[in-house]
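Student: Chain A is fixed; fit chain B onto it per the hints.
Those protein sequences? They're chains A and B, same order as listed.
Numbering of the first sequence is given in numbering that gives the first Met the number 0, commencing with residue 0 and proceeding in unit increments.
Numbering of the second sequence is given in numbering that gives the first Met the number 0, commencing with residue 0 and proceeding in unit increments.
Check before you lean on any hint, since a few could be wrong.
[Said to hold, decoys possible] Derived BS3-like pairs (lysine-lysine); straight-line CA-CA distance at most 27 Å:
#1 B/Lys133 to B/Lys10
#2 B/Lys67 to A/Lys22
#3 B/Lys54 to B/Lys74
#4 A/Lys42 to B/Lys127
#5 A/Lys148 to A/Lys22
#6 A/Lys42 to B/Lys10
#7 A/Lys42 to B/Lys18
#8 B/Lys67 to B/Lys8
#9 B/Lys54 to A/Lys82
#10 B/Lys54 to A/Lys35
#11 B/Lys122 to A/Lys35
#12 B/Lys122 to A/Lys42
#13 B/Lys54 to A/Lys6
#14 B/Lys133 to A/Lys35
#15 B/Lys74 to A/Lys22
#16 A/Lys35 to B/Lys127
#17 B/Lys67 to A/Lys35
#18 A/Lys148 to A/Lys161
#19 A/Lys92 to A/Lys82
#20 A/Lys35 to B/Lys6
#21 A/Lys35 to B/Lys22
#22 A/Lys6 to B/Lys67
#23 B/Lys54 to A/Lys103
#24 B/Lys111 to A/Lys35
#25 B/Lys94 to B/Lys74
#26 A/Lys82 to B/Lys67
#27 B/Lys122 to A/Lys6
#28 B/Lys10 to A/Lys35
[To be verified] Far from chain B, some chain A residues (derived; all Cβ distances over 10 Å):
#29 Gly14
#30 Lys35
#31 Thr45
#32 Ala107
#33 Asp129
#34 Lys131
#35 Leu133
#36 Leu143
#37 Ser146
#38 Ser163
Derived by calculation from the structure, the hints in this document are not laboratory data.
Since the model is a prediction, treat every value here as computed from it, not as a measurement.
Cβ coordinates follow ideal geometry from the N, Cα and C atoms, glycine included.
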Amino acid sequence: MNEQYLKLAIVGQVGAGKTTLIKTLSQIDPLQTEAKASQDIGKEFTTVGIDYGRINLEEDLAVGLYGVPGQSRFSFIWDTVSKGLWGLVFLVKYDPQAHYEELKEFLAFFLTKDKNVACLVGLTHSENIDQKNLIKAFDTLQSLMSSHKMNVPVFPVDPRSKDSSRLILNTINTLGVREA
Amino acid sequence: MNQQEIKEKLKGALQAAIKDEFKSNSEILMISLCTTDGFHIHSERTDAFDLEETKMSAMSSTLFSLSKACAEIQKGNTLNIATVETENTHFFFLKTDILNLNCVLSFAVHSKLSLAQGRFHAKRLSEKLGNLPKEVIPG
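Chain A with its partners taken away, still in its complex shape (with noise of 0.2 Å):
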């Protein structure tokens, strides 16, 4: 039988979630490099190189999950991960000032790869957030992706729960298929 094998990124900012996103998801035991962080970001590791996971979403469909580094000195992990890919995911940290630089930086590099991929963008650390806020957040990245000429689906994710994550991947297949 041969498997069909596709690649998923899944880029963001450092602590929105893309290790933990792939830890959820992952049926193997997932590949994690992560580093002590020498300066004060919010949590005690970093990733610095990839965080490598593999689910089966049918039987001879595979997908390798890939997280990168969010810090743009690691951009030239960016450069390798963001050929052949299948779709991606932008998982951005919710921000009450609503400053969403890094998104930016990744969508001008990203985007400028290819135009066609599947893509959404998951709103992370949101849980208690009040529904005024919530939708403000979703304008503001709504408007954003429309800049870029992007009309994706932005939904809030909780990247420790399985079937919010498992709605990031059935998001991206049927955006996937769509496009085929």
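Tutor: Leaving out everything else, chain B in the frame of chain A:
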């Protein structure tokens, strides 16, 4: 000596040690020290070695962490040195802890030096850097 003075003195000693090792052999092309999460601390290089410091630091940290993950596939295995061989250059990446700061030492030598010779220089410097706080910090 207050904390700031100790920090400055240690930084000066680190830079001097790296410079000394760099000058000890003309086949040493580059030495770079960064934190394990990829922040540049200090580097020395020949003019011919085209190096963007922040990029080199990020790559060193990535390479080291991937090599470490690769080594740990076999239970109980720990990484000593990650080595990259090219036609002209041997690269060595070593974990080097300075006080409680986890660092990666990147060391590049011309391939005229054997792997063993290059590794010797790299390990010698790594050990020296790790021992510097004992020499620099009083008491």
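Student: Against this structure, judge whether each hint is valid.
Tutor: Hint-by-hint comparison with the structure:
This hinted pair checks out: B/Lys133 and B/Lys10 have alpha carbons roughly 13 Å apart, not beyond 27 Å. Pair hint B/Lys67 plus A/Lys22 holds up; C-alpha atoms about 19 Å apart against a cutoff of 27 Å. Taken as a hint, the B/Lys54 and B/Lys74 pair is broken in the structure, with Cα atoms around 31 Å apart against an allowance of 27 Å. With a C-alpha separation of about 31 Å, the suggested pair A/Lys42 and B/Lys127 falls outside the 27 Å cut-off, and the hint is violated.
As the CA atoms of A/Lys148 and A/Lys22 are separated by approximately 32 Å, the hinted pair breaks the 27 Å bound. A hinted pair counts as satisfied when its Cα atoms are at most 27 Å apart, and A/Lys42 with B/Lys10 qualifies at roughly 26 Å. At most 27 Å may separate the alpha-carbon atoms for a hinted pair to count; A/Lys42 and B/Lys18 exceed this at roughly 34 Å. A C-alpha spacing of about 31 Å is found between B/Lys67 and B/Lys8, which places the hinted pair above 27 Å, so the restraint is violated.
Restraint check: the Cα-Cα separation between B/Lys54 and A/Lys82 comes to about 20 Å, which is no more than 27 Å; the hinted pair holds. Under the criterion of a C-alpha separation no larger than 27 Å, the hint pairing B/Lys54 with A/Lys35 is consistent with the structure, at around 19 Å. Pair hint B/Lys122 plus A/Lys35 holds up; C-alpha atoms about 22 Å apart against a cutoff of 27 Å. Only pairs whose Cα atoms come within 27 Å are accepted, and B/Lys122 paired with A/Lys42 is rejected, the gap being roughly 31 Å.
Distance restraint check for B/Lys54 and A/Lys6: the Cα-Cα separation of roughly 25 Å lies within the 27 Å cut-off, and the hinted pair is therefore satisfied. Proposed proximity of B/Lys133 and A/Lys35 is supported: the alpha carbons are some 23 Å apart, at most 27 Å. Our distance criterion of 27 Å between C-alpha atoms is met by B/Lys74 and A/Lys22, whose separation comes to about 20 Å. Taken as a hint, the A/Lys35 and B/Lys127 pair is honoured in the structure, with Cα atoms around 22 Å apart against an allowance of 27 Å.
At most 27 Å may separate the alpha-carbon atoms for a hinted pair to count; B/Lys67 and A/Lys35 meet this at roughly 14 Å. Distance restraint check for A/Lys148 and A/Lys161: the Cα-Cα separation of roughly 31 Å exceeds the 27 Å cut-off, and the hinted pair is therefore not satisfied. With a CA separation close to 25 Å, the supplied pair A/Lys92 and A/Lys82 stays within the 27 Å bound. For the suggested pair A/Lys35 and B/Lys6, the alpha carbons sit about 20 Å apart, so the restraint of at most 27 Å is met.
Distance check on the hinted pair: A/Lys35 and B/Lys22 sit about 31 Å apart at the alpha-carbon level, beyond 27 Å; violated. Proximity of A/Lys6 to B/Lys67 is assessed by CA-CA distance (about 24 Å); at most 27 Å being required, the pair is judged to hold. With a CA separation close to 21 Å, the supplied pair B/Lys54 and A/Lys103 stays within the 27 Å bound. Among the hinted pairs, B/Lys111 with A/Lys35 is inconsistent with the structure: their alpha-carbon atoms are about 36 Å apart, more than 27 Å.
The hinted pair formed by B/Lys94 and B/Lys74 meets the criterion: a straight-line CA distance of about 19 Å does not exceed 27 Å. At roughly 25 Å between alpha-carbon atoms, A/Lys82 and B/Lys67 fall within 27 Å of each other, so this suggested pair holds. Restraint check: the Cα-Cα separation between B/Lys122 and A/Lys6 comes to about 39 Å, which exceeds 27 Å; the hinted pair is violated. Restraint check: the Cα-Cα separation between B/Lys10 and A/Lys35 comes to about 20 Å, which is no more than 27 Å; the hinted pair holds.
Listed as outside the interface, A/Gly14 is consistent with that label: its C-beta sits roughly 13 Å from the nearest C-beta of chain B, beyond the 10 Å cut-off. Distance to chain B contradicts A/Lys35 as a non-interface residue, since its nearest Cβ pair spans about 5 Å, not more than 10 Å. Non-interface status of A/Thr45 relative to chain B is broken: a Cβ of that chain comes within 10 Å, the nearest being about 5 Å off. With a closest Cβ-Cβ approach of about 18 Å to chain B, A/Ala107 is found to remain outside the 10 Å limit, as its non-interface label requires.
Against chain B, the non-interface label of A/Asp129 holds: every CB pair exceeds 10 Å, the least being about 34 Å. A/Lys131, annotated as away from the interface, keeps every beta carbon of chain B farther than 10 Å; the closest lies near 37 Å. Listed as a non-interface residue, A/Leu133 keeps its Cβ farther than 10 Å from every Cβ of chain B; the least gap is roughly 32 Å. Residue placement check: A/Leu143 keeps its beta carbon more than 10 Å from all beta carbons of chain B (closest about 26 Å).
Chain B leaves A/Ser146 outside its interface by the beta-carbon criterion, the shortest separation being 29 Å against a cut-off of 10 Å. The claim that A/Ser163 lies off the interface holds: its Cβ sits roughly 27 Å from the closest Cβ of chain B, which is beyond the 10 Å cut-off.
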